[in-house]
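Q: Residue numbers (numbering that gives the first Met the number 0), protein chains in the order written: chain A, 0 to 472; chain B, 0 to 472; chain C, 0 to 472; chain D, 0 to 472.
Warning: the hint list may mix true and false statements.
Restricting the straight-line Cα-Cα distance to at most 35 Å, the calculated cross-link-like pairs of lysine-lysine (DSBU-like) are [claimed, not checked]: (1) LYS195(C) x LYS390(C); (2) LYS390(D) x LYS8(A); (3) LYS76(C) x LYS8(D); (4) LYS390(D) x LYS390(A); (5) LYS410(A) x LYS76(A); (6) LYS390(D) x LYS195(D); (7) LYS264(A) x LYS410(A); (8) LYS430(A) x LYS8(A); (9) LYS316(D) x LYS264(A); (10) LYS390(A) x LYS430(D); (11) LYS264(B) x LYS410(C); (12) LYS195(D) x LYS264(D); (13) LYS264(C) x LYS264(B); (14) LYS430(B) x LYS76(C); (15) LYS195(B) x LYS390(B); (16) LYS316(C) x LYS8(B); (17) LYS316(D) x LYS430(D); (18) LYS316(B) x LYS76(A); (19) LYS195(B) x LYS8(C); (20) LYS195(D) x LYS410(D); (21) LYS8(C) x LYS410(B); (22) LYS410(C) x LYS264(C); (23) LYS76(A) x LYS316(D).
Hints in this document: simulated from the structure, not taken from any laboratory.
Number of protein chains: 4
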Amino acid sequence: MFPYEIDDKPKEECGIFGLFAPGLDVARTTYFSLYALQHRGQEGAGIVTSDGQVAHIHKGTGLVAQVFNEENLSHLKGHMAVGHTRYSTTGSSVMRNAQPYLIETLHGPLAVAHNGNLTNAPSLRNNLLQRGIGLSSSSDTEIIVHLLSGAGGDWMSRIRTFMAQAEGAYSLILLTRDGIFGVRDPWGFRPLVLGKIDEGYVLASESCAFSTSGAEIVREIMPGEIVRLDEEGYSVVQGAHPQARAFCTFEHIYFARPDSVLDGKSVHHVRQALGRQLAREAPADADIVVPVPDSGTPHAIGYAQESGLPYTEGLIKNRYIGRTFIQPTDRLRRASVAMKFNPLAENLVGQRVIIVDDSIVRGNTSGPLVQMLRDGGAAEVHMRVACPPIKFPCFMGVDMALQTELIAATKSLEEIRQHINADSLAYLSVKGMMHAIRESDGYCNACFTGDYPINVQLQLQDKAQFQQVFGIG
Amino acid sequence: MFPYEIDDKPKEECGIFGLFAPGLDVARTTYFSLYALQHRGQEGAGIVTSDGQVAHIHKGTGLVAQVFNEENLSHLKGHMAVGHTRYSTTGSSVMRNAQPYLIETLHGPLAVAHNGNLTNAPSLRNNLLQRGIGLSSSSDTEIIVHLLSGAGGDWMSRIRTFMAQAEGAYSLILLTRDGIFGVRDPWGFRPLVLGKIDEGYVLASESCAFSTSGAEIVREIMPGEIVRLDEEGYSVVQGAHPQARAFCTFEHIYFARPDSVLDGKSVHHVRQALGRQLAREAPADADIVVPVPDSGTPHAIGYAQESGLPYTEGLIKNRYIGRTFIQPTDRLRRASVAMKFNPLAENLVGQRVIIVDDSIVRGNTSGPLVQMLRDGGAAEVHMRVACPPIKFPCFMGVDMALQTELIAATKSLEEIRQHINADSLAYLSVKGMMHAIRESDGYCNACFTGDYPINVQLQLQDKAQFQQVFGIG
Amino acid sequence: MFPYEIDDKPKEECGIFGLFAPGLDVARTTYFSLYALQHRGQEGAGIVTSDGQVAHIHKGTGLVAQVFNEENLSHLKGHMAVGHTRYSTTGSSVMRNAQPYLIETLHGPLAVAHNGNLTNAPSLRNNLLQRGIGLSSSSDTEIIVHLLSGAGGDWMSRIRTFMAQAEGAYSLILLTRDGIFGVRDPWGFRPLVLGKIDEGYVLASESCAFSTSGAEIVREIMPGEIVRLDEEGYSVVQGAHPQARAFCTFEHIYFARPDSVLDGKSVHHVRQALGRQLAREAPADADIVVPVPDSGTPHAIGYAQESGLPYTEGLIKNRYIGRTFIQPTDRLRRASVAMKFNPLAENLVGQRVIIVDDSIVRGNTSGPLVQMLRDGGAAEVHMRVACPPIKFPCFMGVDMALQTELIAATKSLEEIRQHINADSLAYLSVKGMMHAIRESDGYCNACFTGDYPINVQLQLQDKAQFQQVFGIG
Amino acid sequence: MFPYEIDDKPKEECGIFGLFAPGLDVARTTYFSLYALQHRGQEGAGIVTSDGQVAHIHKGTGLVAQVFNEENLSHLKGHMAVGHTRYSTTGSSVMRNAQPYLIETLHGPLAVAHNGNLTNAPSLRNNLLQRGIGLSSSSDTEIIVHLLSGAGGDWMSRIRTFMAQAEGAYSLILLTRDGIFGVRDPWGFRPLVLGKIDEGYVLASESCAFSTSGAEIVREIMPGEIVRLDEEGYSVVQGAHPQARAFCTFEHIYFARPDSVLDGKSVHHVRQALGRQLAREAPADADIVVPVPDSGTPHAIGYAQESGLPYTEGLIKNRYIGRTFIQPTDRLRRASVAMKFNPLAENLVGQRVIIVDDSIVRGNTSGPLVQMLRDGGAAEVHMRVACPPIKFPCFMGVDMALQTELIAATKSLEEIRQHINADSLAYLSVKGMMHAIRESDGYCNACFTGDYPINVQLQLQDKAQFQQVFGIG
């Protein structure tokens, strides 16, 4: 499909936000915070608010600014809220899987906003079906909702019960009559951070969400922790025994906004460090360093700094690029990448160019970009990639591609170089990547190494089977 | 609210349709059949199709012709289908309560289309919540879905288990891997009829739905029966012991399309008979008989036939009337009813007019209509109503009004006459109504008599409480 | 195309309304008045208001209730207004040809609402093009606007200049800084009527538009007259010498709402008289008289009254019929007419039926209706049509069909009878029709007789040529 | 109004494109080319195609990718096309002023796409009105259309006649039966460039539009020239005597895409040169140079290169920023700028920061940005602006602001510095700017100097007056 050819990026499934703040317009605050999390999902958005008794919900498809207006925001009353931004692959299922998911339970309203992917979803689904519970969607969130509402005790113990059963990646924000709960899986795959505002506390996928409300970072939620926001402030308990930590490296490489702080590290800083390490590992005899804007820019700046070569803009990005469903004719086949990028010939003519990208997934844009640089006059083009080759699909909440689509899963380094027609090609090593991040372990590098922190064999098969049941929905 | 002032009609909650017909385009057939059931709900429509393994769904808000197009119909594949048209009070909840409701269960897909109202929904909801099942909507259909998926045995025994628990009005059409099931509650509140086409069998709320597919009526489903459509044809079992029969009289008076056959009787014929009986019970010394078009037309024809007075059109109805949300100013206050009706002065001048309507609910349009006839030149206006005074709300699937809004619940006959400024006013008696229908019992006349066939005390309180939980949703 | 197969009616091009009423909410009053003119055009609507200096406009596609809301009405300020409802054949050109048409001129704003068709449009267009004026649409209204703005003198003399050049059907309402003008062509093809309200005067295509504002009829505008509404009240002048009068007979037969008064005659009364005359001219040995609802109902009532046969409902019309673009399969081929009508078998079984329709255009629904009556049990079916055979296209503002599509243009009476499979078929005679209308001349019967009151040869050729220039636009 | 507070940029009115290319899918090529001109207008888009006889048009509101789809593109047939992207201030007038403007003339279809502003529009309008031509919009384009269609001779001579009357900025692309014409005003205010593809020739506002079709730059159209594209290829004539050249400096500073070539100069290169000159003129004792992304980035790179200070990212821009109409509460007042930018504290802490922006218009975002840098830890903040103070409104096609809104028109340098709370503030000098562009004259610097190349006194007054006539329409 054409719309995806002009992009070679993995997709994060969601951004989540929640707060407990009596006296504040919590819906409005959530709106502005979701705005800052828009990069984690552009296909849908939703907000649930409550005073603990009555819950209000509005969700829809599109960007945050398209889903909400003064009229529907005005109905979202209460002193606590959860919000969600969502990426979704198929149009027709968008509304069925939209979040937050709100239900009535014996213990009052329950709203769930979820970021991640449960690797044992098939067996959890099956357990629910065995209990006679019918499932109306393919989403993990519906499973989570039923596991939480079906467990005994108070909300805290219900969450613990859920954590004892669930495997995989989940950062959750829950709205209940007892307050807002933040939950992070025992591996810590996906981020979750706590902040403070005058009227109370907030939780978000990334600290960049705090910018529009002026919240200050308190701390990141640790793997297996449950944090509760209520009239008392916030309290943290260990909800499940932490597993070997497995934070998603790709959050640092590409997903997170550069102004966020993840795992105590500035994302922008990590990206520059990745570029520097790449320069050390894979230097090239060249004249200039050029980024693939915008995501490759900090990596390229780091590469340039370390290599001593000048950092130069060589590709202009069309700021108004959006999805197009118009097919280019053969005559316009070059239009696909040209719609997004254009070379700056004056900076390129006669130059030996090092082009730095943050990652290569399917490899469908790298070749046209190399050609574009050559058309712009580059004498040589050396591609440098600020992460290792992606050879394995993600089962922890990222939509990368089917394994058969991953170019590094099927081609050798030299074959890829020929495929993209670069004079040289080098990726960052896994070891070098971790060195740049200044960690030796605690990160999930499964997409590079195939070493999945947890068992995921049934996943793909089940996904296919499940889609059989629900058809086109 | 203005849009409702120009209408004084009760609202039926839904129309349902289903069929099992290998070799037929079941989605298209369902589409045309829902078209003929559009009078039972104009706010939303949906179709689920399946081959028993994979289910496909499309539903949306608006008229059938607005919800479906060739593109979305083309995805609805299979050899069986259920469809639904829906009336709904509040815009924002339309999609959440839209039908058919489709879920995955341990036993394959389950789709439910429901017409009715469960009078013990509060306790059924509570049972589900006690079992730890969270509920995502205020609809009975979600309750039904969970009760069916949570029961044991095959689909037939699950339906029996449901019927043993449920109280109130329900005509259901279910799609399962075992075929299509039609279910009618043991009281027989709402209609359900079986038909035959070349490729198989169909089920519908009313026989008028058969017109567009050329189906022939086989028989009406009896109270407490379950009918199953599959490769073998159809089979009927008694799913629950029938209760004292309580078919909704209002289906005959107003809801059903006049070309339908209900309880073995032509609806149009019953309406003319109601008019005749009204003429016998409440004659008037007048010159002409005029209907309130279109629903009062057959009753007025019957009245004219019995009375020997000439039947005359005295009010013209705007065929393009739709919902308007524009408020008339005081200056335009008469516009409200004038948007819908206009008098035919030439037929009215100097005449003593008998105006016949099928029913009066709130009484907000009768007064303006009487005045309109007087403005048109009528010398006298005698209002005759082809059913008894409506004094009690319906709990079996009809949205009439709150009891406090029912004019006959708070005013005497003489007070109503004065309120609408008629020269005389008479309603049909309950006894006369049943005489016209040619039945002495077996009908639910609770809205006239307050004798509810089943216990419904908790209903209203619960509805209010429930809406508290879900807010504006 | 399927959507048109279920309707065999000619289409009126527009309804127009205007008023001068300081102190009134003129936009709101126009809104409610357009509501009552909705039968003259359902494809688009527009309102222009002004205080004489500043003009405000809002127009859009769809029904009046869909185009306007409180927000856009609130911008339409001033003490005078013109409004328009429009029927249009092609979706894409709707907005380009939408009315009213508003321009700035040397003499202030000019808004034009037009009902009719200029038969010398080709030469008028050519004159304008010769003057170097480019035309941005295919509409007569743009021609009128340019002829008015290009003429000299005050608005009254500009209108006279226009009338001296224009040929064909035009009822116009103009908004200028000098007030509202109503203009009717010298033949009087299309209706235009003046009314009085407390705050001033109103003009409308039909008097039914007065119902929602409570206006009283003052008089109809005569052929060639110009009426002006301003602070002084109203004044009438003869703008052009009247031609041999040629009021459209079809306004009486089908277009106008039955509660309107046209040419001093109640439309409903004329329709009953047409039915009576039809009974005299074309009796049948039958048992009952059945209308094709709703437009054939008054004609059938008249037929029944004159013939002494009982008037009976034999076809039920689906009140929710709308445009559908879903194609029925061969299996569903009967669905087409069945979507709109259904027989009432109990009234038909064994009966010899006279079915009365107001007119037959293409003849595509009569056959299925006859068959439907037979399927419903009718022993014989005698079709009676309350106007003469339509053999010629209209060039005065009605979209009937191409001549080749008119069944009576290509088939004899007996061929039509066989085509629709009726036991007998009879049309009203032209002479009988005029007798029923109680006029011997003064009416345009060109669609029946081919005697066009004015020269129209160039019309069709030009229309085709013109569409060549503008393509699909 | 809030949506504009988060942006302090002038708005270009349009981008234009045209081509003559038999054998090519000209609509599709225009679509992809408009995509690359999206930065010149995001409010509307349109395409007209033709074979010389029949013209086809589609236009609508929104981004190019929103306006067009395969279905509407498929109707746009022919071998030549013009396209347009548009910025517009008011929603309701978007469609009325949408371009291209297509009319029928005596000489076949005429479509006009216009970029610019006629400074003598008032007198041209008046001439047309005096000639009795009514005007249906406030757009220059309608004036141009009437002047062209009203002139004598062939299209070339009509264009010359137009040029003899018109004053101000206009780059036009016309579609006629004689081919495509490109016209540039005698001052050369707005750019227009000719390119070559295999099948013919193309014209565009900027050369960046050539990227998606693979067109090669042939030459820029010179002031006063007319270029004609037809079967013969292209031909150029001098349509009007060139005036003292006055190319818009702001095209180089901000409007044009950096990969375009304007006046023979790479835009990106000019922007870096402006930054270098700024560094020479206004150095600061600081540690790092930070851009206001994205438009200030090349200027900042140039400043850093010249100053020898390190170039660093200090502000992260939200890539998903769009228009929002949600008002922040007082509590969220900082959200406004924070929705668009966020500081990178790690790069800022303790640093003396030079922040480089391309321009300051109203000055409403500079203060919050300075504060954001301070909040991020900057020790000092020195604002440098890569153009001179904007003190005068533009009348040549740019929507900057009313003069009273221009901060430099009402405040001194020191007052502005205090207003934005910077430690120092400096603008580039006019002389330095021209030095960087390597031109001493030939540019319009009226917004900086007030020296308008042509008389524009009546403009503003007329605009206000005109809007009076058309109201909100």
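Q: Each of the hints needs a verdict: does it hold here or not?
A: Do the hints match the structure? See the list:
1. LYS195(C) x LYS390(C): At roughly 40 Å apart (the allowed maximum being 35 Å), LYS390(C) and LYS195(C) break the hint.
2. LYS390(D) x LYS8(A): violated (44 Å)
3. LYS76(C) x LYS8(D): Given that 35 Å is the threshold and the Cα spacing comes to 34 Å, the pair holds.
4. LYS390(D) x LYS390(A): violated (57 Å)
5. LYS410(A) x LYS76(A): Cα-Cα ~54 Å, so violated.
6. LYS390(D) x LYS195(D): violated (40 Å)
7. LYS264(A) x LYS410(A): holds (34 Å)
8. LYS430(A) x LYS8(A): holds (23 Å)
9. LYS316(D) x LYS264(A): Satisfied, since the Cα-Cα distance of roughly 19 Å is no more than 35 Å.
10. LYS390(A) x LYS430(D): violated (56 Å)
11. LYS264(B) x LYS410(C): violated (43 Å)
12. LYS195(D) x LYS264(D): holds (19 Å)
13. LYS264(C) x LYS264(B): With a Cα-Cα distance of about 43 Å, the restraint between LYS264(C) and LYS264(B) is violated, given a limit of 35 Å.
14. LYS430(B) x LYS76(C): violated (57 Å)
15. LYS195(B) x LYS390(B): violated (40 Å)
16. LYS316(C) x LYS8(B): Holds. LYS316(C) to LYS8(B) sits at ~19 Å (cutoff 35 Å).
17. LYS316(D) x LYS430(D): With a Cα-Cα distance of about 32 Å, the restraint between LYS316(D) and LYS430(D) holds, given a limit of 35 Å.
18. LYS316(B) x LYS76(A): violated (43 Å)
19. LYS195(B) x LYS8(C): Roughly 34 Å between the alpha carbons, so the hint for LYS195(B) and LYS8(C) holds.
20. LYS195(D) x LYS410(D): violated (48 Å)
21. LYS8(C) x LYS410(B): violated (47 Å)
22. LYS410(C) x LYS264(C): holds (34 Å)
23. LYS76(A) x LYS316(D): Holds. LYS76(A) to LYS316(D) sits at ~31 Å (cutoff 35 Å).
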